[in-house]
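Line by line, the protein sequences give chains A and B. Taking our numbering, I'd label the letters of the first sequence as residues 7 to 119. Taking our numbering, I'd label the letters of the second sequence as residues 233 to 345.
Worth flagging that the hints you see were computed from the coordinates, not collected in a lab. Quick caveat, the model's predicted, so the values are computed rather than measured. Backbone N, C-alpha and C define an ideal beta-carbon position, used for all residues, glycine too. Take the hints with a grain of salt, since some may be wrong.
With a Cα cut of at most 25 angstroms, we get these calculated DSS-like pairs of lysine-lysine [as the list claims (entries may be wrong)]:
# : chain 1 : residue 1 : chain 2 : residue 2
1 : B       : K289      : A       : K7
2 : B       : K289      : B       : K302
3 : B       : K285      : B       : K302
4 : A       : K7        : A       : K74
5 : A       : K48       : B       : K243
6 : B       : K243      : B       : K289
Here are the computed distance ranges between Cβ atoms for each label pair [as the list claims (entries may be wrong)]:
#  : chain 1 : residue 1 : chain 2 : residue 2 : range
7  : B       : S297      : A       : N28       : 35 to 41 angstroms
8  : A       : T116      : B       : D270      : 20 to 26 angstroms
9  : B       : E311      : A       : R78       : 38 to 44 angstroms
10 : A       : S58       : B       : E291      : 18 to 24 angstroms
11 : A       : P119      : B       : T249      : 42 to 48 angstroms
12 : B       : S299      : A       : T32       : 32 to 38 angstroms
13 : B       : T252      : A       : P20       : 43 to 49 angstroms
14 : A       : S58       : B       : E311      : 35 to 41 angstroms
15 : A       : T64       : B       : R254      : 34 to 40 angstroms
16 : A       : A35       : B       : T249      : 41 to 47 angstroms
17 : A       : K48       : B       : E333      : 14 to 20 angstroms
Derived, one-sided and incomplete: chain A residues facing chain B with beta-carbon distance under 7 angstroms [said to hold, decoys possible]:
#  : residue
18 : G49
19 : L50
20 : S52
21 : L55
22 : K106
23 : F109
24 : T111
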Amino acid sequence: KQEVTQIPAALSVPEGENLVLNCSFTDSAIYNLQWFRQDPGKGLTSLLLIQSSQREQTSGRLNASLDKSSGRSTLYIAASQPGDSATYLCAVTTNFGNEKLTFGTGTRLTIIP
Amino acid sequence: DAGITQSPRHKVTETGTPVTLRCHQTENHRYMYWYRQDPGHGLRLIHYSYGVKDTDKGEVSDGYSVSRSKTEDFLLTLESATSSQTSVYFCAISEGAGYNEQFFGPGTRLTVL
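Isolated chain B, as found in the complex (with noise of 0.2 angstroms):
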């Protein structure tokens, strides 16, 4: 399995209240993505980056914002957590770009109250 941890893996945090998840990654991989899970939906890019301190959108980044300054770990952060925001949370990573096979993480289970 690819060396990716994501933590916390539950949370629970109330409306207006700021979040970060971690995306951690043992494997030197290039590219690193955050997707959200939800019902009738699938899974949906937020934000990847393609480097250290390189990011860019995703369909759905309204509401996020993103940072990695190393290569191994790459951040999600909600800066005011709203209800619409209530989701499981993936990490995945890939050597290059998106034609390369992607690996992903256990998930973040994000409750907002």
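Isolated chain A, as found in the complex (with noise of 0.2 angstroms):
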């Protein structure tokens, strides 16, 4: 059965800085691989999907790398800003039952101005 951890859960930055959230998972055998941000009471917002076959996606002050071979991601923010702050998820679809998502539980960052 597949298992995604993010770890920290949570995470606090001063604004400005660059940083780096973690999200690992048992199972290599990936489709692909995806990043959410979820603000407090809201839905999520997909932010990056990576296809097992790619290594890295990158949006605006966003870049996602995958390593599917030890069952790594991370989510680098570069030049954070105070709206960044809100909880970040990432999920992953499995070549068995790829149906779906398996998502973590999220790190929860706060950029403090």
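Need the complex rebuilt from these two chains, each delivered in its own frame; the hints are there to steer you.
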């Protein structure tokens, strides 16, 4: 059974710093990995999707990497801003039962002005 | 933003009553999903649909049923609500199977007293 872990559960950094969020998964046979952000009381916003054949994806100040063999992904946020404060979730689609995403429990990020 | 709406957005009901949540999309995507989000568990798949009248169970389907009579609508029914079904429910859509990017609705907060 696929398990997804995000450590730490919470992170606070000063505004302007670069930061890395981590995601690990137990079964490397994945189709893709998706990063989301969730603001309090809101739905999930898709940030980046990395297919299993890709190593990384970039969108603006965000860069996500994927190392399938080691079961790890990172989300790099450059020049953090207070508006980046949110919970960040990663989720994977495995080859077996590929109809669903398996989610981590998220990292709650706070950017200190 | 993907055109996904959920109704109602908030609902309080009593144990034993039936409840139906509605997800409506304007994207004409084939796949639709229902997830629940609970503290400490993250998001978990309840049911999903891969076309009109085509549905299948997720990992936490007990106590829930679904129906999809039109491409744009996916209904989640709690036949007899229990307190353990108090949760936030999210609908998601994707063009294809799980290897496609999923987009989420704003969520429905359900409280069962």
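Find the hints from earlier in the document that the structure breaks and name them by number, from lowest to highest.
none
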